[in-house]
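Novice: Given the coordinates of chain A, assemble chain B onto it according to the supplied hints.
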Amino acid sequence: MIGEEDYDHLYKLVLVGDATVGKTHILSRYIKGTLPKAPTATIGVEFATRTVSLDAGCAVKAQIWDTAGQERYRAITSAHYRRAVGALLVYDITKPATFKSCQRWMEELRSNAEPDIVIMLVGNKVDLAEKNPGDRQVDFDAAADFASQQGLLFEEASAVTGANIKLCFDKLLKEIYNTTQHRRDREDDPTNNFQLQGRSSQTECAC
Amino acid sequence: MGQGAVQATVDETPAFLGTEATDSLPEACGVAEDAKERGSEPSQPSLRRYSVHLLEHGAAELLRTCFCPWANLRDILYADAVCKRWHQLSREEQWMEMSILHGGVTASLRRALWRHLSAVQNIEQRYQRELGVASAREAFEALLKKPLSQAKISEIERDVHRTYPSHERFEGQEGAKGRAELQEVLQATVIAEPNVGYCQGMNFVAATLLIHLGSASDAFWMLLALLESYHYKFVFAPGVPLLPLRVFQFAGVVQRCLPRLWRHLREDGHSLEIFAHQCVLTLFSYSLECRLAGISGGPADISHHLHQCKKHLRLPRHNGQLGPAAFRVLLRFDVGLGSLEELESGFQLQRLEVLLSQVSVPGEHDAQVPAVDEPLPAGLERSSSRNCFLVDGNSLRSENLPPRGGTVVGSPSTLLNQAGTKEALHVNLAELKELKVELLQFDEQTQFDVKEFRRRIAEADKELLGLLRSSAEFRMEVEDAESAWKNKQAYRKALMDAVQVAVDSARPSEPMEAAPQELVADCREKLQRLQIEILEDERRRQARLAEFNELCEDIAELKEVKQRSMLQLQSFLELRDQQRQGRLKNAVAQLMPLAPVDLN
Numbered sequence: 001m002i003g004e005e006d007y008d009h010l011y012k013l014v015l016v017g018d019a020t021v022g023k024t025h026i027l028s029r030y031i032k033g034t035l036p037k038a039p040t041a042t043i044g045v046e047f048a049t050r051t052v053s054l055d056a057g058c059a060v061k062a063q064i065w066d067t068a069g070q071e072r073y074r075a076i077t078s079a080h081y082r083r084a085v086g087a088l089l090v091y092d093i094t095k096p097a098t099f100k101s102c103q104r105w106m107e108e109l110r111s112n113a114e115p116d117i118v119i120m121l122v123g124n125k126v127d128l129a130e131k132n133p134g135d136r137q138v139d140f141d142a143a144a145d146f147a148s149q150q151g152l153l154f155e156e157a158s159a160v161t162g163a164n165i166k167l168c169f170d171k172l173l174k175e176i177y178n179t180t181q182h183r184r185d186r187e188d189d190p191t192n193n194f195q196l197q198g199r200s201s202q203t204e205c206a207c
Numbered sequence: 001m002g003q004g005a006v007q008a009t010v011d012e013t014p015a016f017l018g019t020e021a022t023d024s025l026p027e028a029c030g031v032a033e034d035a036k037e038r039g040s041e042p043s044q045p046s047l048r049r050y051s052v053h054l055l056e057h058g059a060a061e062l063l064r065t066c067f068c069p070w071a072n073l074r075d076i077l078y079a080d081a082v083c084k085r086w087h088q089l090s091r092e093e094q095w096m097e098m099s100i101l102h103g104g105v106t107a108s109l110r111r112a113l114w115r116h117l118s119a120v121q122n123i124e125q126r127y128q129r130e131l132g133v134a135s136a137r138e139a140f141e142a143l144l145k146k147p148l149s150q151a152k153i154s155e156i157e158r159d160v161h162r163t164y165p166s167h168e169r170f171e172g173q174e175g176a177k178g179r180a181e182l183q184e185v186l187q188a189t190v191i192a193e194p195n196v197g198y199c200q201g202m203n204f205v206a207a208t209l210l211i212h213l214g215s216a217s218d219a220f221w222m223l224l225a226l227l228e229s230y231h232y233k234f235v236f237a238p239g240v241p242l243l244p245l246r247v248f249q250f251a252g253v254v255q256r257c258l259p260r261l262w263r264h265l266r267e268d269g270h271s272l273e274i275f276a277h278q279c280v281l282t283l284f285s286y287s288l289e290c291r292l293a294g295i296s297g298g299p300a301d302i303s304h305h306l307h308q309c310k311k312h313l314r315l316p317r318h319n320g321q322l323g324p325a326a327f328r329v330l331l332r333f334d335v336g337l338g339s340l341e342e343l344e345s346g347f348q349l350q351r352l353e354v355l356l357s358q359v360s361v362p363g364e365h366d367a368q369v370p371a372v373d374e375p376l377p378a379g380l381e382r383s384s385s386r387n388c389f390l391v392d393g394n395s396l397r398s399e400n401l402p403p404r405g406g407t408v409v410g411s412p413s414t415l416l417n418q419a420g421t422k423e424a425l426h427v428n429l430a431e432l433k434e435l436k437v438e439l440l441q442f443d444e445q446t447q448f449d450v451k452e453f454r455r456r457i458a459e460a461d462k463e464l465l466g467l468l469r470s471s472a473e474f475r476m477e478v479e480d481a482e483s484a485w486k487n488k489q490a491y492r493k494a495l496m497d498a499v500q501v502a503v504d505s506a507r508p509s510e511p512m513e514a515a516p517q518e519l520v521a522d523c524r525e526k527l528q529r530l531q532i533e534i535l536e537d538e539r540r541r542q543a544r545l546a547e548f549n550e551l552c553e554d555i556a557e558l559k560e561v562k563q564r565s566m567l568q569l570q571s572f573l574e575l576r577d578q579q580r581q582g583r584l585k586n587a588v589a590q591l592m593p594l595a596p597v598d599l600n
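Chain order of the listed sequences is A and B. The first sequence begins at 1 in UniProt numbering and counts up one residue at a time. The second sequence begins at 1 in UniProt numbering and counts up one residue at a time.
In short, the hints are calculated from the structure, not lab data. Bear in mind the structure is a predicted one, so any value in this text is a computation, not a measurement. Where is the CB? At the ideal position from N, CA and C, for every residue including glycine. Certain hints may be false.
[Stated by the list, open to error] Which chain A residues face chain B? A few, computed with CB under 10 Å, are given here:
(1) T42
(2) Y73
(3) L128
(4) K131
(5) F146
(6) Q150
Chain A extracted, bound-state conformation:
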């Protein structure tokens, strides 16, 4: 178990997506392992942290910002994207409109957050489709295609059953680690990239 304050990197992540796609549920499932007892609409922004260790032997602290989904807040919430290195872009697989909005959310993210922000597309509420296949309104393949076109990571998940929730965050954090690591190496020494890569990951992650 890693102590809260024992970490090598701090990553700011944001949770975005239309209202009622289940952003707060996903966060609660990931952080606490349970669903919120009294689910209320998120107003403004809230945040939580969790420290995890990556395969590379590094501990990263994820600072996850949960934002309100309503359209009229966007001018305000987009200010919270600043310095975010990763995002979970959530839609509801039973509501096609929430999937359609993803394009706009993505643009919003790319123009307000770090330029090389890593985005994970998450199709939430698969439990509903498992119970009743007729409820599914967004095809897995269509979403996967969209994700690969746009260069996003993609998973389907369920905050209610907990399926794939941890996986989503782990994949995202790992990808962020890889991209930031690459960038750091490039900045360190553009000519001797290869050699440094091995060394720097060793020296920085002496944990």
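Specialist: Using the frame of chain A, we list chain B on its own:
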């Protein structure tokens, strides 16, 4: 109601204030007729009377102070009666604790007090006239009958289930009625204010009002009063235009009143603004238990709610109760109207600075020119023609003062008014550039003058250094002279001893006296010379000492000159800063001419 009444209550608490029946209004006041004349509700004579009395005697200010949210109405009235001892009272923690434990304004009084303070009656009457019905309830029902699109209804439905889901009023099967009422309140609000529409956050406010006021109709009218009289429609309208200003004010108050909390957040890399959004959007009902949210004396005055952020401030608790330490924290929340207005103009200046940072003028450092399409904060936009910026006037200023109960006269307006539409101010790019050039020149001049000041200070410094160096030389010289003097004294003593010995040992009978005679003479001669030398040295030393003292005076004088120059520089900088601020303030008035706030 004159001064006499105040005097009469100074020494003794009015009879009803002493009663324990907090939930029933005292009837023994005998002011019903008085109240009727003032056009108040006959059912609340004493309350009306005392509210008017409070307002008339400047106690509205008192209501806005930090004590109010916690104070029982009885306490407020009592406090008003003992106004002169108010400050003293407010420092007595026990008294504060008592009023908070009493649970603030009692249920029946709260409704009346809120109605009075928000002047909701005027709004009700206006709608009644326009809809041609006789009562507020009927007006509410008539509004609900108007059509509303399914999309809007389901947008509200989505959140109704997520508003205080564990509160008895809205929970489970028994909560169905409460949820339906909440839905009605929100739908009626969207119908009445179509340009505002539904905004997340409203649901918590509406639910809190439902809990405290009981009926859906009452909750609806109070919510409407919040939107109209307290400018909340601009907080909730699309794009939430007024939110940044409110949050700025909130953060400014916290920065001043709770600097430690502020610094703590800053050190963690957070800004308070982020957490303040939900406080402002839900009037603190989101972060407080809804029961507590009702404690406040008036529903909407922002300064009230600034005091209520207990949860966010993590006030120290003792056995689950707010302890004296918490009161000390709250007491520091001294929010006056003046500070809110000051923060408002600070916000406007900040917005102007943002716009200025967006234009580039020749002669400016290239590094300062931002990326062309950096996102602008809410309320600011680039025009499509790119020759000006559009500033939403509603995002820049607001009514900081709640309406004075009973004095706001509803003006006739169309039922579906234009609330929430953008008040677009066009800020010309050319004018901004002009201002920026002017400011750059101003700054350049300032820099030039500052350089001149610095040069003078540096000169004084240099001279001072030279003087200090020669004073050090002087000191060494004095030390040298001193040791030379000591040496000479020792030599003199040795000579004198020698002479003494020679004189002592020379017996008159002795034939060989020539040699010692000569020796003695020699010694005497040396002694004499030495004496002269010592005197000479002493004279020289005195002269040098005088010089040295003069030098010291020079040094002190130079130091003073330097000190003075530095003070001058400081006050010069302050003056220039003031001038710059003044120029910017003028520019705000000039470039973003804001119509005065008109609540009617």
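Novice: Confirm or reject each hint.
Specialist: How the hints compare with the structure:
Checking T42 (chain A) against chain B by beta carbon gives a least distance of about 8 Å; that is within 10 Å, so the hint holds. About 6 Å separates the beta-carbon of Y73 (chain A) from the nearest beta-carbon of chain B, less than 10 Å, and the hint is met. The closest approach between the C-beta of L128 (chain A) and any C-beta of chain B is roughly 16 Å, which is over the 10 Å cut-off, so the hint fails. Interface restraint check for K131 (chain A): the shortest CB-CB distance to chain B comes to about 20 Å, outside 10 Å, so the restraint is violated.
Evaluation of the F146 (chain A) hint against chain B yields a violated restraint, the C-beta minimum of about 24 Å exceeding 10 Å. At about 20 Å, the closest approach between the beta carbon of Q150 (chain A) and any beta carbon in chain B exceeds 10 Å, and the interface hint on this residue is violated.
Going through the hint list in order, the structure does not satisfy hints 3, 4, 5 and 6.
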